[in-house]
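Chains as they are written, first to last, in numbering that gives the first Met the number 0: chain A, 0 to 297; chain B, 0 to 290.
Since the hints were derived computationally from the structure, they do not count as laboratory data. Just so it is clear, CB atoms sit at the ideal spot from N, CA and C, and this is done for glycine as well. Treat the hints with care, as some may be off.
Straight-line C-alpha distance at most 25 Å; calculated DMTMM-like pairs for lysine to aspartate or glutamate [stated by the list, open to error]: (1) 65(B) with 45(B); (2) 114(B) with 77(B); (3) 114(B) with 45(B); (4) 139(A) with 180(B); (5) 252(B) with 116(B); (6) 139(A) with 45(B); (7) 150(A) with 45(B); (8) 17(A) with 42(B); (9) 139(A) with 116(B); (10) 252(B) with 143(A); (11) 252(B) with 42(B); (12) 150(A) with 116(B); (13) 17(A) with 188(B); (14) 252(B) with 233(B); (15) 17(A) with 6(A); (16) 252(B) with 138(A); (17) 114(B) with 6(A); (18) 183(B) with 44(B); (19) 88(B) with 233(B); (20) 150(A) with 253(B); (21) 114(B) with 138(A); (22) 139(A) with 253(B); (23) 101(A) with 190(A); (24) 17(A) with 180(B); (25) 252(B) with 152(A).
Here are the simulated distance ranges between beta carbons [stated by the list, open to error]: (26) 61(B) with 152(A): 40 to 46 Å; (27) 53(B) with 284(A): 47 to 53 Å; (28) 289(A) with 11(B): 41 to 47 Å; (29) 144(B) with 152(A): 43 to 49 Å; (30) 159(A) with 52(B): 19 to 25 Å; (31) 285(A) with 144(B): 47 to 53 Å; (32) 68(B) with 162(A): 24 to 30 Å.
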Amino acid sequence: MTHTTDDWRGWVRHHLPKLVLSPSFAVTLFFVYGFILYTGLLSLTSSRMMPNFNLIGFENYSKLWQTLNWQVALNNLAIFGTLYIVICGLLGMFLAILLDQKIRGEGFLRPIYLYPMALSFIVTGTAWKWFLNPGLGLEKTMHEWGWTSFKFDWLINSDMAIYTVVIAAVWQSSGFVMAMFLAGLRGIDSEQVKAAQLDGASAVQTYWRIIIPQLRPVFLSAFVVLAHMAIKSYDLVVALTGGGPGNATEVPATFMYSYTFTRNQMGVGAASAMIMLMTIAAIIVPYLYAETREQRHD
Amino acid sequence: MTNQEVKASSSRFWRVLIYTTLIVFAAFYLLPLFVMLITSFKDLEELRQGNMLSLPQNWTIAAWIKAWGSACIGLTCEGINGYFWNSIKMVVPSVLISTLLGAINGYVLTKWRFKGDRWVFALMLFGCFIPFQIVLIPMSQILGNLGLAGTTTGLVLVHVTYGIGFATLFFRNYYAAFPTELVKAAMIDGASFLGIFWRILLPSSGPIIVVTVIWQFTNIWNDFLFGASFAAGESAPMTVALNNLVSSSTGVKEYNVDMAAAMIAALPTLLVYIVAGRYFVRGLMAGSVKG
Numbered sequence: 000m001t002h003t004t005d006d007w008r009g010w011v012r013h014h015l016p017k018l019v020l021s022p023s024f025a026v027t028l029f030f031v032y033g034f035i036l037y038t039g040l041l042s043l044t045s046s047r048m049m050p051n052f053n054l055i056g057f058e059n060y061s062k063l064w065q066t067l068n069w070q071v072a073l074n075n076l077a078i079f080g081t082l083y084i085v086i087c088g089l090l091g092m093f094l095a096i097l098l099d100q101k102i103r104g105e106g107f108l109r110p111i112y113l114y115p116m117a118l119s120f121i122v123t124g125t126a127w128k129w130f131l132n133p134g135l136g137l138e139k140t141m142h143e144w145g146w147t148s149f150k151f152d153w154l155i156n157s158d159m160a161i162y163t164v165v166i167a168a169v170w171q172s173s174g175f176v177m178a179m180f181l182a183g184l185r186g187i188d189s190e191q192v193k194a195a196q197l198d199g200a201s202a203v204q205t206y207w208r209i210i211i212p213q214l215r216p217v218f219l220s221a222f223v224v225l226a227h228m229a230i231k232s233y234d235l236v237v238a239l240t241g242g243g244p245g246n247a248t249e250v251p252a253t254f255m256y257s258y259t260f261t262r263n264q265m266g267v268g269a270a271s272a273m274i275m276l277m278t279i280a281a282i283i284v285p286y287l288y289a290e291t292r293e294q295r296h297d
Numbered sequence: 000m001t002n003q004e005v006k007a008s009s010s011r012f013w014r015v016l017i018y019t020t021l022i023v024f025a026a027f028y029l030l031p032l033f034v035m036l037i038t039s040f041k042d043l044e045e046l047r048q049g050n051m052l053s054l055p056q057n058w059t060i061a062a063w064i065k066a067w068g069s070a071c072i073g074l075t076c077e078g079i080n081g082y083f084w085n086s087i088k089m090v091v092p093s094v095l096i097s098t099l100l101g102a103i104n105g106y107v108l109t110k111w112r113f114k115g116d117r118w119v120f121a122l123m124l125f126g127c128f129i130p131f132q133i134v135l136i137p138m139s140q141i142l143g144n145l146g147l148a149g150t151t152t153g154l155v156l157v158h159v160t161y162g163i164g165f166a167t168l169f170f171r172n173y174y175a176a177f178p179t180e181l182v183k184a185a186m187i188d189g190a191s192f193l194g195i196f197w198r199i200l201l202p203s204s205g206p207i208i209v210v211t212v213i214w215q216f217t218n219i220w221n222d223f224l225f226g227a228s229f230a231a232g233e234s235a236p237m238t239v240a241l242n243n244l245v246s247s248s249t250g251v252k253e254y255n256v257d258m259a260a261a262m263i264a265a266l267p268t269l270l271v272y273i274v275a276g277r278y279f280v281r282g283l284m285a286g287s288v289k290g
């Protein structure tokens, strides 16, 4: 009897690290991968208000692509995602380059650019909703300052509402992109820069030919982070426009939520979630693969 | 002017331009917070009459008091204070548990390597980036089956589950740089698995603990999707209550109360940012640049 207890103890001691890790891993397998499989399965069923397992093939997917709301959502994601990524990237790089010019007060300015990242998107949405309020916000302020013809009704204008989401999202994230670029700039080999300057290259030429090309990894990271945030964006749209006016600012995340939980089209909602997952996986998986491979070479 | 002087004055021109641009952008980032803050200290009359950007003529904290104690959210008019405590009750255990698990996972994945550990880590890592829409349906069913639907305990479970990945990532990358020789030496001296963790790694983990705690705190406090999906009504967290308050369309719209509530929702994370901004930024970078 004692013999087997000893064996058991030895086994536990030997496998303790794996035993300690296994609950987390099991949770991940079940709550991430199991749930993905389950949602994938539901997307192939005729589930409406409650899940059922009546398989109907890819019908939900074809229904999804014929749904006008989904087309609007994808179109909005394309507009929002492109502008968000491009503007955040350019603005972030621009501010980082300016801050890298041995600026007095950098330690004061940097946190100001970055603090919106600490806020909830719901707070950001609330603040911008008030700021851009056509009746009482920016428009009224401009009128009082004498610019009486100034008109800014994007929040309630179906054609323009998606751009207010871009403005608020850029406000929130561009400081973070700035911080990524600033870290990249600080890590650049100064020898090459000095050599270029000795050759008589102007500041603009030095940046264009030497420094910016070296920032390629930062561009890649920024792209991956921003693209993944754009596809997931839900809170900001809910707080700022609520998906409206009408369905003018519908995005995939709001589509998924309303079709699954309020419109009783769970199968279609699950299909839309699968499309979101696959889009993000297409961006994230190659990136993570490359990043973890790099570590192996170190 | 000599050539030198031209150069000097042109460089001064550029310096002025750079500083001006930087200050204009600082104003852009500060403006919404500034407007939110001064709006919360005005009364309704002044909101209608006055300029959004001008300071309050009669400073009043009435909007803050109302937002905290008597604003109507849903059917009850007891302010946001209950939801604020909901968020605290949700955040504290979620942060502690996920950080602890992340630390021990990071320790195993770097100092007790085993066959296939990379796969384990890769699978956990990908879990950080999934769009959470993919788990909403099964999670609401599971929480329902466990009797945890609409409870803070349920939300803690959800946040711990999806917070482990990032916590593990942070600690793994940190412990990877920790000298393995020290661990090996301790093993030869007969130190146990937990003894090594407790006496050798943990004492030097201060910075990464701060980074992880701040990251988890900010993410979980600011979460809206899980809160809105799994804890509607009385047990809703702060962000959900704020959204309900702001988007309710009954009665007179009290923007000053909305802004005060938004400020209250923002204060905990802003405070953390002001006190420990450096660590906050490190977390952001670790969570993105080194995926």
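So, going through the hints one by one against the coordinates:
| no. | hint | result |
| --- | --- | --- |
| 1 | 65(B) with 45(B) | holds, 17 Å |
| 2 | 114(B) with 77(B) | violated, 56 Å |
| 3 | 114(B) with 45(B) | violated, 68 Å |
| 4 | 139(A) with 180(B) | violated, 67 Å |
| 5 | 252(B) with 116(B) | violated, 55 Å |
| 6 | 139(A) with 45(B) | holds, 13 Å |
| 7 | 150(A) with 45(B) | holds, 22 Å |
| 8 | 17(A) with 42(B) | violated, 60 Å |
| 9 | 139(A) with 116(B) | violated, 60 Å |
| 10 | 252(B) with 143(A) | holds, 22 Å |
| 11 | 252(B) with 42(B) | holds, 12 Å |
| 12 | 150(A) with 116(B) | violated, 59 Å |
| 13 | 17(A) with 188(B) | holds, 22 Å |
| 14 | 252(B) with 233(B) | holds, 22 Å |
| 15 | 17(A) with 6(A) | holds, 17 Å |
| 16 | 252(B) with 138(A) | holds, 18 Å |
| 17 | 114(B) with 6(A) | holds, 23 Å |
| 18 | 183(B) with 44(B) | violated, 71 Å |
| 19 | 88(B) with 233(B) | holds, 13 Å |
| 20 | 150(A) with 253(B) | holds, 23 Å |
| 21 | 114(B) with 138(A) | violated, 63 Å |
| 22 | 139(A) with 253(B) | holds, 17 Å |
| 23 | 101(A) with 190(A) | holds, 18 Å |
| 24 | 17(A) with 180(B) | holds, 21 Å |
| 25 | 252(B) with 152(A) | holds, 18 Å |
| 26 | 61(B) with 152(A): 40 to 46 Å | violated, 30 Å |
| 27 | 53(B) with 284(A): 47 to 53 Å | holds, 52 Å |
| 28 | 289(A) with 11(B): 41 to 47 Å | holds, 45 Å |
| 29 | 144(B) with 152(A): 43 to 49 Å | holds, 47 Å |
| 30 | 159(A) with 52(B): 19 to 25 Å | holds, 23 Å |
| 31 | 285(A) with 144(B): 47 to 53 Å | violated, 37 Å |
| 32 | 68(B) with 162(A): 24 to 30 Å | violated, 37 Å |
Going down the numbered hints, you'll see the structure goes against 2, 3, 4, 5, 8, 9, 12, 18, 21, 26, 31, 32, while the others check out.
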